[in-house]
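J.: Now for the letters of each chain:
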Amino acid sequence: MHKNPVIVSCCRTAIGRSHPQRGYYRNVRGDELSHAVIAAVVTKSGIDPAHIEDVVLGTTQQQGELGGNVARVSALCAGLPLSVAGTTVNRLCGSSLQALSQACHSIAAGAEDVQIVAGVEHMHHLPMEKDIDLHPRLFERTSRAAISMGMTAEYLAASLGISREEQESYAFQSHHKACQAVDSGAFEDEIIPHRAHDEGGMPILVVRDQSVRADASLLAMSQLDPAFLPRLGTVTAATSAPLSDGAAAMMVMSTETAEKYSLQPLVRVLATAVVGVPPALMGTGPVAAVQKLLFRAGVSLDRIDLIEINEAFAAQSIACIRQLQVDPSRVNVHGGSLAIGHPLGASGARICTTLVHAMHARKAKLGVATMCIGLGQGIAVLLERIEL
Amino acid sequence: MAKKRSSSPKTERVDGVLRSIIPFTDLSLRTLTVDRDPNGIVVVSFDVPDRSLNVLTREVLEELAYVLDHIQNTAPPTGLVLVSARAGSFFAGADLQAIDQLFSQPEERIRLACDSGRALFARLSTQPWPSVSVIEGLCLGGGLELALACDLRIAIDSPNTSLGLPEVKLGLLPGWGGTVRLPRLVGLSSAVEMIAGGESVSPQKAFRMGLIDEVVSSELALAAAKNLIAEQLGNRQWLQRRKKLAEPINIDPVEVSFLEATAGAVIGARAKGRYPAPPRILATLLEASQHDAALASSLESDAFFELAHNPVTARLIGVFHLGQRNARDPGIPRADLKPLLIESVGVVGAGIMGCGIAASHIRHDFSVSIVDVSELSLSKAIPPLLEEAAWDRESRAALPSRALELAGRLRSSTMLSSLRGSQLIIESVVERSDIKQAVLGELESMIGPETILATNTSTNPIEKLARCLSYPERFLGMHFFNPVRRMTLVEIIRGPSTSDQTIVTVVAHAKRLGKCPIVVRDSPGFLVNRVLMPYLHEAVEMVREGVDVARIDRLSRRFGMPMGPLELYDMIGLDTAFYAGVVLSTAFGERIESSPVIPAMVRSGRLGRKSSAGFYQYSPKGKMLKPDQTIYELIEPYQLRTGEWSDDQITDRLFLPIVQEAALVLDEQIVREACDIDLAVIHGLGFPAFRGGLLAWADSLGASDILMRLKQFESLGSRMRPAPRLLDMARRGGSFYASMSKGPQ
Numbered sequence: 001m002h003k004n005p006v007i008v009s010c011c012r013t014a015i016g017r018s019h020p021q022r023g024y025y026r027n028v029r030g031d032e033l034s035h036a037v038i039a040a041v042v043t044k045s046g047i048d049p050a051h052i053e054d055v056v057l058g059t060t061q062q063q064g065e066l067g068g069n070v071a072r073v074s075a076l077c078a079g080l081p082l083s084v085a086g087t088t089v090n091r092l093c094g095s096s097l098q099a100l101s102q103a104c105h106s107i108a109a110g111a112e113d114v115q116i117v118a119g120v121e122h123m124h125h126l127p128m129e130k131d132i133d134l135h136p137r138l139f140e141r142t143s144r145a146a147i148s149m150g151m152t153a154e155y156l157a158a159s160l161g162i163s164r165e166e167q168e169s170y171a172f173q174s175h176h177k178a179c180q181a182v183d184s185g186a187f188e189d190e191i192i193p194h195r196a197h198d199e200g201g202m203p204i205l206v207v208r209d210q211s212v213r214a215d216a217s218l219l220a221m222s223q224l225d226p227a228f229l230p231r232l233g234t235v236t237a238a239t240s241a242p243l244s245d246g247a248a249a250m251m252v253m254s255t256e257t258a259e260k261y262s263l264q265p266l267v268r269v270l271a272t273a274v275v276g277v278p279p280a281l282m283g284t285g286p287v288a289a290v291q292k293l294l295f296r297a298g299v300s301l302d303r304i305d306l307i308e309i310n311e312a313f314a315a316q317s318i319a320c321i322r323q324l325q326v327d328p329s330r331v332n333v334h335g336g337s338l339a340i341g342h343p344l345g346a347s348g349a350r351i352c353t354t355l356v357h358a359m360h361a362r363k364a365k366l367g368v369a370t371m372c373i374g375l376g377q378g379i380a381v382l383l384e385r386i387e388l
Numbered sequence: 001m002a003k004k005r006s007s008s009p010k011t012e013r014v015d016g017v018l019r020s021i022i023p024f025t026d027l028s029l030r031t032l033t034v035d036r037d038p039n040g041i042v043v044v045s046f047d048v049p050d051r052s053l054n055v056l057t058r059e060v061l062e063e064l065a066y067v068l069d070h071i072q073n074t075a076p077p078t079g080l081v082l083v084s085a086r087a088g089s090f091f092a093g094a095d096l097q098a099i100d101q102l103f104s105q106p107e108e109r110i111r112l113a114c115d116s117g118r119a120l121f122a123r124l125s126t127q128p129w130p131s132v133s134v135i136e137g138l139c140l141g142g143g144l145e146l147a148l149a150c151d152l153r154i155a156i157d158s159p160n161t162s163l164g165l166p167e168v169k170l171g172l173l174p175g176w177g178g179t180v181r182l183p184r185l186v187g188l189s190s191a192v193e194m195i196a197g198g199e200s201v202s203p204q205k206a207f208r209m210g211l212i213d214e215v216v217s218s219e220l221a222l223a224a225a226k227n228l229i230a231e232q233l234g235n236r237q238w239l240q241r242r243k244k245l246a247e248p249i250n251i252d253p254v255e256v257s258f259l260e261a262t263a264g265a266v267i268g269a270r271a272k273g274r275y276p277a278p279p280r281i282l283a284t285l286l287e288a289s290q291h292d293a294a295l296a297s298s299l300e301s302d303a304f305f306e307l308a309h310n311p312v313t314a315r316l317i318g319v320f321h322l323g324q325r326n327a328r329d330p331g332i333p334r335a336d337l338k339p340l341l342i343e344s345v346g347v348v349g350a351g352i353m354g355c356g357i358a359a360s361h362i363r364h365d366f367s368v369s370i371v372d373v374s375e376l377s378l379s380k381a382i383p384p385l386l387e388e389a390a391w392d393r394e395s396r397a398a399l400p401s402r403a404l405e406l407a408g409r410l411r412s413s414t415m416l417s418s419l420r421g422s423q424l425i426i427e428s429v430v431e432r433s434d435i436k437q438a439v440l441g442e443l444e445s446m447i448g449p450e451t452i453l454a455t456n457t458s459t460n461p462i463e464k465l466a467r468c469l470s471y472p473e474r475f476l477g478m479h480f481f482n483p484v485r486r487m488t489l490v491e492i493i494r495g496p497s498t499s500d501q502t503i504v505t506v507v508a509h510a511k512r513l514g515k516c517p518i519v520v521r522d523s524p525g526f527l528v529n530r531v532l533m534p535y536l537h538e539a540v541e542m543v544r545e546g547v548d549v550a551r552i553d554r555l556s557r558r559f560g561m562p563m564g565p566l567e568l569y570d571m572i573g574l575d576t577a578f579y580a581g582v583v584l585s586t587a588f589g590e591r592i593e594s595s596p597v598i599p600a601m602v603r604s605g606r607l608g609r610k611s612s613a614g615f616y617q618y619s620p621k622g623k624m625l626k627p628d629q630t631i632y633e634l635i636e637p638y639q640l641r642t643g644e645w646s647d648d649q650i651t652d653r654l655f656l657p658i659v660q661e662a663a664l665v666l667d668e669q670i671v672r673e674a675c676d677i678d679l680a681v682i683h684g685l686g687f688p689a690f691r692g693g694l695l696a697w698a699d700s701l702g703a704s705d706i707l708m709r710l711k712q713f714e715s716l717g718s719r720m721r722p723a724p725r726l727l728d729m730a731r732r733g734g735s736f737y738a739s740m741s742k743g744p745q
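Heads up: the sequence lines are chains A and S, in that order. Each residue of the first sequence is one higher than the one before, counting from 1 in this note's numbering. Each residue of the second sequence is one higher than the one before, counting from 1 in this note's numbering.
Chain A extracted, bound-state conformation:
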């Protein structure tokens, strides 16, 4: 890359459950969450908004309150100058990691430089299957069951011999690590408070992820019915990422520009990669994506100190950890999406935000964020911490 892209600031909302009666954001529009994180990331960065050139925002359900190019809508509603452009991108679950990648490519290519990368999803207001009408010819290449992400997780579990107990233990760990992160204040820096309603309907400012369970219990998990494959299945609600609402944003620019405006960058973005895999194996997309990423960067896996693997399913995450042969103690050190939640289009920016904070907290040198993507893709990004 000719110019080196850096992340100068990043933040996210607390992630809410997509629950019509109890979800934090049940009365909050999805685009209000993206306005909020965009405004906050500008303030956090300390940049003069006049220098911002573009907003690149990832979301999968680009309709309704998130329709009509919600990136531009969010830029305007967040009060950014009219000169700031906006584009909404979609790589399903990888959308906002894609937003980060393409913003960095633009920087490297000498095109738009100062950009806000964001992601938003409101799976209560806009359920993931709403108005999706896939072409039946698609099923010449794959199966209808491959559209059910849960079935792909079941397949990984069955074909790789990942037991229900192993999945539950993994999910339990995810909650455990997330709780530790909450208790130690690890999320305080990354979460911006947002007005919401608690489960009883009281208006509150939320700063805690709604799905993280301090009372997660292996016994309770073991009593759940399979969520996708009645009786035979091993994947349950506890070992699948919860449906979630939330948003996250990052300020990116070139090293040169950060220096010019005297801004302190947090991490360098060293490389990006995307890859296709069989739709049935969508959960293992991160394996191929990370291998491609590391090859591209000329870095070996043992040099990666921290890795964020988006936890769509416990079985899927375990499959990636096994196949990449990565040390589990380096993975999702602040808990993963099984606990925190997975607001599809926002998750890429969310895991990056969490990774950047974790890298600074642990003085990690290199970090990778990677995600699996429906219909068989993987995406990965390599970050390098900058000493503050």
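You may find that some hints are simply not true.
[Stated by the list, open to error] Quick list of simulated restraints, FRET-style, between CB atoms: (1) A:Leu301 / S:Pro311: 56 to 64 Å; (2) A:Arg231 / S:Pro311: 21 to 29 Å; (3) S:Asp336 / A:Arg231: 53 to 61 Å.
[As the list claims (entries may be wrong)] Subject to a maximum C-alpha distance of 30 Å in a straight line, what follows is the list of computed DSS-like cross-link-like pairs (lysine-lysine): (4) S:Lys464 / A:Lys130; (5) S:Lys380 / A:Lys130; (6) S:Lys226 / S:Lys205; (7) A:Lys292 / A:Lys3; (8) S:Lys380 / S:Lys621; (9) A:Lys130 / S:Lys621; (10) S:Lys623 / A:Lys130; (11) A:Lys177 / A:Lys365; (12) S:Lys205 / S:Lys272; (13) A:Lys177 / A:Lys292; (14) S:Lys205 / S:Lys243; (15) A:Lys260 / A:Lys3.
No lab work stands behind these hints, which were simulated from the structure alone. Glycine included, every Cβ here is placed at the ideal spot set by N, Cα and C.
Guided by the hints, dock chain S onto chain A, whose structure is given.
T.: Just chain S, lined up with the frame of chain A:
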């Protein structure tokens, strides 16, 4: 397209060249006519005589082969169009009578029949010109395989048009290349779904899948077919498609393995090891996908032969024939009576049953007036009623536009007088004879002499309700089952005074609702509840003997029932079951004393699902939890002492008493024939079709074997004493079905 068949082929429309090669007028082709247009496109129109729908008889196949020979050998056409001249069916399938005969044949004959049909269809896809089938109405089984053998397919946009491969429902798989061509055309995953599921699709869905190439109106169909041929002759895409259809399927091996795992799990859970066809279909399709069409065809042939010899297949086909027989049966053996056509229907009572009955009617295009005493009940009942009526199977949702359209067929009122114009009024008020009598009496005073009055009841004797009527000859019972949308059985209960004309009219009417009507003589419990009683009773007796609740239900499900007897009790509601039990034990108490357990459970507030406690516990959301161990305390005073029972003995104790009761039902002429009982238990109780029906199952054991099995339960009391008919059958070597007449053909 709805060209009427003329007695002789239309020679005037055949051009000179063709007439000289095929002397159609002399040929006596009975099932098809051939026409050739100035551009050389030959149109073959099928119209199979002596059949209500076009079916692929041997004659059709021979005549098609003949036509293919001649047009090829003499004046090759530029393209071929296959079309039905019979409105309502392209081809409804192969000729089942011929298939039946085939099963008794040796392997070579079966293979030959398969191979010759497949070879004929294969000829279509190897001719040096493109072919198009024009599909209107039913295009099922062999009919769809014929259409698949053409290079292109056009479907006519009509609610009557449906395409499917239902062979799996008869325990078979398509044997004329369907398993080879469909996955190569629409993809392996969609083909597995369609062939292993057996459900038909609409032209719209077929188009989206890629199963057909165009959906057009009937006026445009023939011209569209010819346009397609011209287009294909230009771009030669039909040749590419033929190549694709001949090759192995191009799909990633991982995806094949994924489909095997996921579809296998779904199919396995549904077939439960009882139905051999679905798993065999999956295995065949998966294996064949890796080979070219020729090898795939021989794999299809192997699977067809294997399934044809499976006894389950014969039973499923037997059940299918029972249904066909029922469809032809006017309900009573009187061919002289013609059913009156009912167009307007009244329903009294907007409860669950009344609404289900009304919804089923408007869904089938009847105008319905529904009456309830309460304006509030009506206003609450009508939205879900319309939603049910507008339910769309393909999208699994009610279609709002359809609901609005159907709303025009529904009127509601709190006045019985609004039913004055109805030809059939179905009273479905609360199950109390005094209220029913009052409503029926009032109705009779305001309706014309032609109007038929029916009561939907499960427990009230028709004779008793009829006492208040001046014209009991036009009164009868129509016992619908809950939920009406799904349950296809309707017991048509004939009171002592009900006229034959009333019966044939209502039987015909029930069929227009897509139901399976069984005529039952008025007697306690009618048919289904009566044969159900000993089964439920025996289950409770076993609980009293200390047999585990879950074990009883598990063994019943293992036998093939959709749910066990104790789960069923909970679903029906213990209070409802108790009330029905009183009616039955009053009538048949000498054989079956009413059990003290049910009233004790009702007294303790265990009413089943609705009170979250019965034989099982239920979560507040209604999910079944585990058996309620405290019931054992509750029934302690009623405990019985017996020995240990094996699984087989428990199963026999559940099902043999039903056979016993059915034997008495036949003796008492509650129904006419064994097949009525089998249809009723399959449609009304979910008795497993793979056993062929209750009495077909009993016949498969044989009367002597049943007597032997009953003997081990002698000590349980008179209810296990063999029914006279069983003793007689054992003596004479007879069976339930052997004593059946041939019935209406």
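J.: Hint by hint, say whether it matches the structure.
T.: Hint-by-hint comparison with the structure:
1. A:Leu301 / S:Pro311: 56 to 64 Å: 58 Å, holds
2. A:Arg231 / S:Pro311: 21 to 29 Å: 27 Å, holds
3. S:Asp336 / A:Arg231: 53 to 61 Å: 54 Å, holds
4. S:Lys464 / A:Lys130: This hinted pair is violated, its Cα atoms lying about 55 Å apart.
5. S:Lys380 / A:Lys130: Roughly 29 Å separates the two Cα atoms, so the pair holds.
6. S:Lys226 / S:Lys205: 23 Å, holds
7. A:Lys292 / A:Lys3: Roughly 21 Å between the alpha carbons, so the hint for lysine 292 of chain A and lysine 3 of chain A holds.
8. S:Lys380 / S:Lys621: Given that 30 Å is the threshold and the Cα spacing comes to 22 Å, the pair holds.
9. A:Lys130 / S:Lys621: Satisfied, since the Cα-Cα distance of roughly 26 Å is no more than 30 Å.
10. S:Lys623 / A:Lys130: Holds - the C-alpha atoms of lysine 130 of chain A and lysine 623 of chain S are around 27 Å apart, at most 30 Å.
11. A:Lys177 / A:Lys365: 21 Å, holds
12. S:Lys205 / S:Lys272: 29 Å, holds
13. A:Lys177 / A:Lys292: Answer holds: lysine 177 of chain A to lysine 292 of chain A is near 29 Å, not above 30 Å.
14. S:Lys205 / S:Lys243: 25 Å, holds
15. A:Lys260 / A:Lys3: 14 Å, holds
Hint 4 from the earlier list is the only one contradicted by this structure; the remaining hints agree with it.
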